[in-house]
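If you want the building blocks of each chain, they are given just below.
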Amino acid sequence: MSVTVEYAAQIKQVAGVAHHIIELAEPCTVAEIARQVAANHGEQLADILLDDNQQPRSSILVFVGENQIHWDDDKTLVQDGQTVTLLSPVSGG
Amino acid sequence: MPPLTEHEKAVYEWQMWVPGFGEAGQQALKNASVLVSRIGGLGSVVAYELAAAGIGRLVLAHAGNIQPSDLNRQLLMTHDRLGTPRVDSAKQRLLELNPRLEITTVPENISDDNARQLVADVDLVVDCAPLFSERFAMNRQCVAQGKPLVDCAMYDCEFQITTIQSPQTPCLACLYPEDPPAWRREFPVFGAVSGTVACLGAIEVIKLLSGLGEPLLGTLLTCDLRDMTFQRRQLLKRDDCHVCGTTPETTAI
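One line per chain: the protein sequences are A and B, in this order. Under numbering that gives the first Met the number 0, the first residue of the first sequence is numbered 0, with each subsequent residue one higher. Under numbering that gives the first Met the number 0, the first residue of the second sequence is numbered 0, with each subsequent residue one higher.
Okay, chain B solo, but in the shape it has when bound:
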């Protein structure tokens, strides 16, 4: 990527004042590409914050068209675009905010069929997907390709977030060795809850790319917004993990 322009320096002036970030941090964001897996309640706000922060390129993966039930939390979707592809609405909204942003839209959800190529195409991945099969596919490729994975999740008024960087940290399969049997794709949640954890996910991305602060490596931040309880918890690797353990399954990269 070329150096920051004078216009970009003017746009990002306030965040370049952050100690430990500066012009070098801003250039690092401009040089970076990030995959956001699903641009729903979580991914919409992750993508919006990264667009605002001056990320260079976003890859947005999400299948399907905008539904009425998206509109309480999927902030890149609009009422007048009901029934149209989510990725198209997202791209338009993001470019209104940041016309310098390069966006690749993928009207598919992540699967074992596309994860290898999509992860290879970016520097970092943000997992905002509802299905464990999607999350496991991303995790396998991030571990195999050595890419960081910011993992965001929520339920009701609660959320969890951690950053996975194998082999330094546990991977998603260390935490969940198998597809959780009780999980359902649809669940109760407010947009303010998804937006809260999404902002934390975006700042994790900014930190990882710029070297600012201390990412949640191997640490699970949990929160219950009903009583505003925040807790940091230390996660464990599994030696017998079938993805990152001592005898992992083979993952094609």
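One chain only, chain A, in its complex shape:
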């Protein structure tokens, strides 16, 4: 199955692309998807997505489709064809 992972703001800048399409063996949680992206797309992206314990950073918002999901939600599994969006925190100025 494949899932589109979209990036915004600083994450997009670090990734160098607006999205990746990742292949998964089975539906999985948003935290597992973040770890897969981090493992396959470079150290800089891993640093912005994961903390020292390899957990997704709490300040990054994650959505499946248009709905926010909490990183510790282990009941919502991302399905084939869905889009996961990662938003890095932004501010005014």
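Any given hint might turn out to be false.
[Claimed, not checked] Label-pair restraints from in silico Cβ distances: (1) A:L76 <-> B:P166: 51 to 59 Å; (2) A:G41 <-> B:P98: 54 to 62 Å; (3) A:L76 <-> B:A9: 58 to 66 Å; (4) B:S68 <-> A:N66: 35 to 43 Å; (5) B:P18 <-> A:E65: 23 to 31 Å; (6) A:E22 <-> B:Q233: 25 to 33 Å; (7) A:S1 <-> B:L96: 34 to 42 Å; (8) B:G210 <-> A:S1: 43 to 51 Å; (9) B:N64 <-> A:A17: 36 to 44 Å; (10) A:D51 <-> B:D111: 26 to 34 Å; (11) A:E42 <-> B:R99: 55 to 63 Å; (12) B:R225 <-> A:L76: 27 to 35 Å.
[As the list claims (entries may be wrong)] Over the 10 Å line for every Cβ pair with chain B, so calculated as not near, a few chain A residues: (13) T3; (14) Q12; (15) V16; (16) I20; (17) I21; (18) E31; (19) R34; (20) N39; (21) R56; (22) E65; (23) N66; (24) D73; (25) D79; (26) G80; (27) G92.
None of these hints come from the bench; they were simulated from the model. Positions of the beta carbon are idealized from the N, C-alpha and C atoms, including for glycine.
Could you slot chain B onto chain A? The hints should help.
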């Protein structure tokens, strides 16, 4: 506030024609006071649009003097006032547009030291600040005092905006439980980007005060102006939020 004068009715005639707004909506704006936290790229345009719309009173909080790097987006600042306080330039520009506007200038940024008093002094707050410490201080007081908070943010050609009204919606600490480690105060942005999201912030204020339309309560509007992609996303509260959750920290009000 006294009723609208004949002059005010003439100035605001075109917007009073908007269905669902009318004279009652205009009177609601005249009666209202709004805190704009920082009058930079975002806050300058928020304040300008609210001044144009006939808001009664603005409280403008921003420390420091005008720098050359302000002038690509901070539209209340002018070249001839470089080196002078931002709030003074802003006040002058706003009164040129709307001399009826009451303005309180605060030459400080929002902090835990001044947030309680500044939020208590207004009906609504617009967060246009770059530092999360400022934004968290406003959020804590808006939640504690039950005031709406319109939260505007941007980066590069992208922006995000939502309206927080606790306990109905998630608060800023639900979204960001801690100070984001990677955030930097200075970042790439065009004035046209800050101006775009600022206009959306101003219309959110007008809607909240007048009852017009449907504010972005619990909804995050995101946009990438590189390809003009707009998306509405639904936000989640956190039961364990340390500000608005079931066992919040105590906030003095």
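Does I20 (chain A) sit more than 10 Å from chain B, CB to CB?
Check passes; 18 Å lies beyond 10 Å.
Holds or violated: is the Cβ of E65 (chain A) farther than 10 Å from all Cβ atoms of chain B?
violated, 5 Å
Tell me if the beta carbons of S1 (chain A) and L96 (chain B) are separated by a distance inside 34 to 42 Å.
Check failed, 53 Å falls outside 34 to 42 Å.
Is the nearest CB of chain B more than 10 Å from the CB of N66 (chain A)?
Given a closest Cβ separation of 5 Å, the condition is violated.
Kindly confirm whether 54 to 62 Å is satisfied by the beta carbon distance between G41 (chain A) and P98 (chain B).
holds, 56 Å
Against chain B, does D73 (chain A) hold up as non-interface, every C-beta pair farther apart than 10 Å?
It holds; D73 (chain A) is separated from chain B by about 15 Å at its closest Cβ, greater than 10 Å.
Is 35 to 43 Å right for how far apart the beta carbons of S68 (chain B) and N66 (chain A) are?
holds, 38 Å
Chain B versus Q12 (chain A) - minimum CB to CB distance exceeding 10 Å, so not interface
violated, 7 Å
Falls inside 51 to 59 Å, the C-beta gap from L76 (chain A) to P166 (chain B)?
violated, 30 Å
Hey, does T3 (chain A) actually stay past 10 Å from chain B on C-beta?
holds, 14 Å
Taking the closest pair, is the beta carbon of D79 (chain A) still more than 10 Å from chain B?
holds, 21 Å
Would you say the C-beta atoms of E22 (chain A) and Q233 (chain B) sit inside 25 to 33 Å of each other?
holds, 28 Å
Of the numbered hints given earlier, the model fails hints 1, 7, 14, 21, 22, 23 and 27; all others are met.
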